[in-house]
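Participant: What follows is the residue order along each chain.
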Amino acid sequence: MRRTIRFLLGDELREITDCDPTATLLDWLRGEARLTGTKEGCAEGDCGACTVLVGRLDKERVRYEAINSCIRFLATVDGCQLLTIERLRRADGSLHPVQQAMVDQHGSQCGFCTPGIVMSLYALWLNEDRPDDARIADALAGNLCRCTGYQPILQAARAMYDLGARAIDPLVANAADTAQRLAALRDQETLAVERDGRRLLAPANANDLARLVMAEPRATLLAGGTDVGLWVAKDLRDIAPVISLSRIESMRSIEDHGDAIVLGAMASLNDAREALAEVHPHLDELLRRFGGEQVRNAGTIGGNIANGSPIGDLPPALLALGAEITLRRGPGRRVIPLEQYFIAYKKQDRRDGEFLESVSVPKLSKDSLFHVSKITKRFDEDISAVCGAFFIKRGQDGRIVKARIAFGGMAATPKRARNAESMLIGRAWNDESARLAAGCLAVDFKPIDDWRASARYRLTVAGNLLRRFLIETTSPEANIRVAGGLQRATGRSAARG
Amino acid sequence: MADAAFNRQDRVAGAVREARAHDSAHKHVAGEALYIDDMPEPAGLTHLYLGLSDRAHARIAAVSLDRVRAAPGVIAVFTGADLPGVNDISSTGRHDEPVLATDIVEYHGQPIFVVAAQTRNDARRAAQLADITYEDLAPFNDVAAAREAKAPLVTDPLKLERGDIEAALQSAPRRLKGRLTIGGQDHFYLEGQIALAIPGEDDDVTIYSSTQHPSEVQHMVGHALGISSHAITVECRRMGGGFGGKETQANLFAVVAALAAKKLGRAAKIRPDRDDDMIITGKRHDFVVDYDIGFDHDGRIHGVDAVFAARCGYSADLSGPVTDRSLFHADNSYYYPAARLRSEPLKTTTCSNTAFRGFGGPQGMVGAERFIDEVAYATGKDPLEIRKLNFYGGEGRDVTPYHQTVEDNIIADVVATLERRCDYAARREAVRAFNRTSEIIKRGVALTPVKFGISFTATWFNQAGALVHIYQDGSVHLNHGGTEMGQGLYVKVAQVVASAFQIDIDKVKITATTTGKVPNTSATAASSGTDLNGMAALAACEAIKARLIDFAADKWSVPKEQIAFLPNRLRIGNQEVAFADVVKAAYMARVSLSSTGFYKTPKIHWDRKAGRGRPFYYYAYGAAASEVVVDTLTGEYRVERVDIVHDVGKSLNPAIDRGQIEGGFVQGMGWLTTEELWWDPQGRLRTHAPSTYKIPVASDIPPVFNVELMADVSNREATIHRSKAVGEPPLMLANSVLHALSDAVASCADYRICPQLDTPATPERVLFAIERVRARAAAGASS
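Protein chains in written order, with our numbering: chain L, 1 to 497; chain D, 1 to 783.
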């Protein structure tokens, strides 16, 4: 056991032994470290005012990602480099190109969201060269600004590449040295952070994890923390003991098994997206619309499934694809269809001592069709009112032999539309069958009215999404999405006037 | 000294008209701009948290705070009974807004007690431990429920009447009635409410408050603590956004902080969590508008009779002037030969709604645009044609429903300019052609005008003070009553001062707004910040300049007419002397180098009882054209292109003004589209965080977004350098998005039926509007 959290704050090694196991990174930065440039806007990972960069070793290189410090526990940056807004100015006091671009383009008004926006832009500047406007907007989807209307911020994102090459940034110049320093922090000891009998354990490998989960079956398992972080920051819940999976590199693995992509439970949403993009373009777009960039960097595939939320977006898609999950308990493992995992509202088939190890996402055969639609009030960084996923497989005669239709937002768990599916079997895939299947949805689901949508809207749209599925799969030329589709809408207006 | 070496530059840096960056921009981007929560914390600081009602409407039968007091870290607990003064912070003086509720709660989330603890987390946890026994009363949470319950009005309603409305409606060739529902809006300032109070000797207390209205915070603290204003200093260097949400809503937090600080003799800070902030504080009013319109076959309006009913919440707060302003803007840019406009400010058992950028004006204008839409569909004409037909202008068509003559009308020019720039007519044709062949995806386009009245309708608020010092080294200290919330007020006023003295702006230090320097200030609101404080600062500068001129004329023995302020120097007769040298010499000659300045807006007057007067000094104008694309399967949509032409008079700072226009537009677009406040039947606000309340993000702004300041315009009134106010008017440019959506919906029934699209136009409302027009068209076709 190691009792000291070790990480680099900029270039400085910080070692922390006495700390609340679920202290957030933001509270530590603002309170203990007195680095107040990083702001708290919402304390739930939605506004991005608290954005910082975390650098971690990935295949011996340091990889920098923007994350929300308000819902990240300090203990989970063990072994990482942490970068805050305060380090951006250059040694001579002049502004970094990202900062200068924001000033030049009038990208700040009240200034409160600005440090977070600068850090998100900084991550973009470090990792990508002159991205297009859609990608810029995407990288900023997790940063709310209430003053500017974003236009000058987008202009700054375009202009920042003209104000200095990457090499001027000491972070880039010192990359090799940083990698060595982070490598030196790696060990196989379990990190134990404890105060007043409340504990967080962060094992370094999967076997230790398996042993710890067996030993403390009631512990809260912590993956990316983009949900669990809110239990603490919002609900003030005492979630100790906590077992954090943050240090287990092997569980981030993503492998192509020929007929399926197997995602380690700790694979981030962004990494999974990249791996799945080729195989399932619809999952690419669905994953793009998960939270903001910061949440996609921190949030994990395993976490999105394991928390069993009725509005998690991945489960409906994975149910429709017939995904399987592997649960590990000690040295043993069992593989079950994902569908069997969701028992009831916030109740899952995870036994004492078990944890979700990986998810196997099947590829499509040639005679199969797969499609996902996510319906929200706002396109980016919003939670589904309805998320519909559709899979059909046709026989030689073109008739449907297999159908899996699953929805999120329509019931207490992600749930399949059994009646609609049955209606499709043996039919041709056409207007009539889509209409008949849509007609079954009112039997399959009794959705509720809430702030995201009325029950009536949910049912109406669910049926219409079947029609969208039909149109998009039978007339591939037809582009019928205004956004969130695989391409932008047709008939885009004339250029900048 | 006379010919000292100095730079004979021909203009100063940071003069008026320069597109200068925000004065704090370099600090914003470095995380170095200090907000209240960033200030070093005083030793012994105690952290406060509020305990809230979990009922919408109930008598408090019993309150037991024993478990709260016993919780770890708790230092003290205070209730309404602990206030030494009056347990009230009603800004209107109606005594309807307790700091802490004592015997009755009137909304879910109303504060009942305050906990002081060692840490913020301790205070938050403890605040959850109260044992409160309620006797539930029937809640009335919205306009319909309030009417049903015969709920009282929170304040006197207003009626504006001009012409014979009954006769106009009866004689009009056509007439129609309808109802419009307009949603509210949360401010979502990124920096939440916060106050830090530091006790001093005797009654003294200094409060750092994120407030648009330091003087009101001062008054409220005095009222609630029973101490004189002179003991209270309220300071605000900057807010992380305000938008009206910190005009009165900061009072609660400041009073609570001051109470704890004085009771405990320790500094006290309160910063609610985002969710609690959204639950506790008031929002933009939602409205239900019932209208009755008379018009002719050409689409010319003869009369409008409308009632604007608002959900005001449990207390009056600013609901009186907000609902008044909705009526003042229910004409937007249109002349109504006869009008009767009435407000119905209803009490509801919800948070007390408050100021929000536009202050009721946007709701009035959404009403006006609906009236136009109805007439357009009824007459089968393009809504823009009906808009232009009804514009103010022409013989006898220039008097508003409140009997003010519109003297500075340029709306027709603004709209004509925009129409040309954005190629409206051709694009409208293209949209229609597209819609003829596209079954699922529909496009829509609309162009809407804005005319917004500038001045507080409470005439006495239209005054401001400033304080300017020149130090011996020639550097200038600037202070005024306006607050900085990101809108660029500080830099604009500094530009006024730099121009007045002809010194580079880096010689002007902008200092935090504080009641100790400039007293009796008005809220920084109603878009008035620059108009008022710029003039006050200029007056202070002119006073000092007059003294410097007198002094120089005497010292250098030249006539005053031969003295001029040149960039960073003065011409005195035939010689030039550096500004700093003149200042130093003046000091040595015992000339006062400090002055206050004062300004009050001329010409305005308002008789509310009679519904007559000139409430507005002038109007600001603008227009926007938006094009959208809508998915008729889901109601999802995108704004594809927006073009704006907006009138800021002669701009003091085109970069700042452009920022206000773009930002205001996007904020208005959020209000009318994705931002939906949702209360459950128990009166609990369920959209109380950014996870559930959706303001625009970067990808929501149109890929084509052209913003232009109207060229070759001035302000016909003598405002500061002939500029115009810009804070609020651009928000209403977003009406064009609502009407572009309406246009796309209308295409689903061949433009024959008015979509009556209510707001916020979420995908759900858009989809159901499509269903409705299709159903009506089908019913019409079969009958």
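By construction, these hints were calculated from the structure, which means they are not laboratory data.
Backbone N, C-alpha and C fix where the C-beta goes; we use that ideal spot for every residue, glycine too.
Please note that the accuracy of each hint is not assured.
[To be verified] Rough simulated footprint, nothing fancy, chain L against chain D, three-plus residues with beta-carbon under 8 Å:
1) 155-162
2) 406-414
3) 453-466
4) 636-642
5) 661-671
6) 722-728
7) 742-751
Participant: Next step is simple, just say for each hint if it's right about the structure.
Facilitator: Here is how each hint holds up against the structure:
For the stretch 155-162 of chain D, the stated coverage by chain L is not satisfied: 0 residues place a CB nearer than 8 Å to a CB of that chain, which falls below the threshold of 3. Counting residues of the stretch 406-414 of chain D whose beta carbon lies closer than 8 Å to any beta carbon of chain L gives 0, which falls below the threshold of three, so the coverage claim is violated. Only residues whose C-beta sits within less than 8 Å of a C-beta in chain L count toward coverage, and the stretch 453-466 of chain D has 0 of them, not enough to reach three; the restraint is violated. Counting residues of the stretch 636-642 of chain D whose CB falls under 8 Å from any CB of chain L gives 5; the rule of at least 3 is met.
With 6 residues having a Cβ less than 8 Å from any Cβ of chain L, the stretch 661-671 of chain D passes the three-residue criterion, so the hint holds. Under a criterion of three residues with beta carbons nearer than 8 Å to beta carbons of chain L, the stated coverage of the stretch 722-728 of chain D fails, only 0 such residues being counted. With 0 residues carrying a beta carbon less than 8 Å from a beta carbon of chain L, the stretch 742-751 of chain D misses the three-residue requirement, and the given coverage is violated.
Violated hints, listed in ascending order, are 1, 2, 3, 6 and 7; each of the other numbered hints is respected by the structure.
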